[in-house]
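Model the full assembly from the supplied sequences, consistent with the hints where possible.
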Amino acid sequence: MASVAARRTLRDRIRANRAASAARREVARAARRVRHTARSLATHVIATGADRSTVKGVVKALQGVAKTARTNGLKGKRARIRRTAQGFKRHAVTAYRYTRAQVAQIAAQYKPRKAEYKAVRAALIAA
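Take the sequence shown: its letter number 127 is residue 135 in this note's numbering, and every next letter is one higher.
Heads up, a few of these hints could be off.
Under the rule of at most 30 Å between Cα atoms (straight-line distance), these lysine-lysine pairs were calculated in the DSSO-like manner [said to hold, decoys possible]:
hint: 1; residue 1: 126; residue 2: 75
hint: 2; residue 1: 122; residue 2: 97
hint: 3; residue 1: 122; residue 2: 83
hint: 4; residue 1: 97; residue 2: 83
hint: 5; residue 1: 64; residue 2: 97
hint: 6; residue 1: 68; residue 2: 126
hint: 7; residue 1: 83; residue 2: 126
hint: 8; residue 1: 122; residue 2: 64
hint: 9; residue 1: 122; residue 2: 68
hint: 10; residue 1: 64; residue 2: 75
hint: 11; residue 1: 68; residue 2: 119
hint: 12; residue 1: 85; residue 2: 97
hint: 13; residue 1: 85; residue 2: 126
hint: 14; residue 1: 75; residue 2: 85
hint: 15; residue 1: 75; residue 2: 97
hint: 16; residue 1: 119; residue 2: 64
hint: 17; residue 1: 85; residue 2: 64
hint: 18; residue 1: 126; residue 2: 97
hint: 19; residue 1: 68; residue 2: 83
hint: 20; residue 1: 64; residue 2: 83
hint: 21; residue 1: 119; residue 2: 85
hint: 22; residue 1: 119; residue 2: 83
hint: 23; residue 1: 122; residue 2: 75
hint: 24; residue 1: 85; residue 2: 68
hint: 25; residue 1: 126; residue 2: 64
Simulated from the structure, these hints should not be mistaken for lab results.
Take a look at the structure:
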């Protein structure tokens, strides 16, 4: 009969493995999507394999750079998506989808300071 501590250890290991597997699948799915069609900046950053907090920071910075790039002629594909606020009141928002080449141009204009952000920038330019 397995002890309570042994079962707890096994349960924790299973949960950690499941979370790691889900993260790998998310990165692989994003990488596959950006190869085929224009996607959001967040999808491109997720495809680099960065963690969630890094993704949030880089995406916010890239959106600012993309906004100035739009005025200079680099336009992504516009899409109208419906967002919810706390589960209700769906309202339409304009989102932009970018190809890998467009994201590389945007990333070339992006000048990050943090080492993690610099690594993501290099990956976006190389893609």
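So, going through the hints one by one against the coordinates:
1. 126 / 75: Holds. Residue 126 to residue 75 sits at ~20 Å (cutoff 30 Å).
2. 122 / 97: violated, 37 Å
3. 122 / 83: Roughly 27 Å between the alpha carbons, so the hint for residue 122 and residue 83 holds.
4. 97 / 83: Distance of about 29 Å is within 30 Å: holds.
5. 64 / 97: holds, 24 Å
6. 68 / 126: holds, 14 Å
7. 83 / 126: holds, 24 Å
8. 122 / 64: Given that 30 Å is the threshold and the Cα spacing comes to 13 Å, the pair holds.
9. 122 / 68: holds, 14 Å
10. 64 / 75: holds, 17 Å
11. 68 / 119: holds, 13 Å
12. 85 / 97: holds, 25 Å
13. 85 / 126: holds, 26 Å
14. 75 / 85: holds, 13 Å
15. 75 / 97: Status holds; Cα separation ~26 Å.
16. 119 / 64: Holds. Residue 119 to residue 64 sits at ~16 Å (cutoff 30 Å).
17. 85 / 64: holds, 21 Å
18. 126 / 97: Cα-Cα ~38 Å, so violated.
19. 68 / 83: holds, 17 Å
20. 64 / 83: This hinted pair holds, its Cα atoms lying about 22 Å apart.
21. 119 / 85: Status holds; Cα separation ~24 Å.
22. 119 / 83: Distance ~20 Å between residue 119 and residue 83 Cα, so the pair holds.
23. 122 / 75: Status holds; Cα separation ~21 Å.
24. 85 / 68: holds, 18 Å
25. 126 / 64: holds, 14 Å
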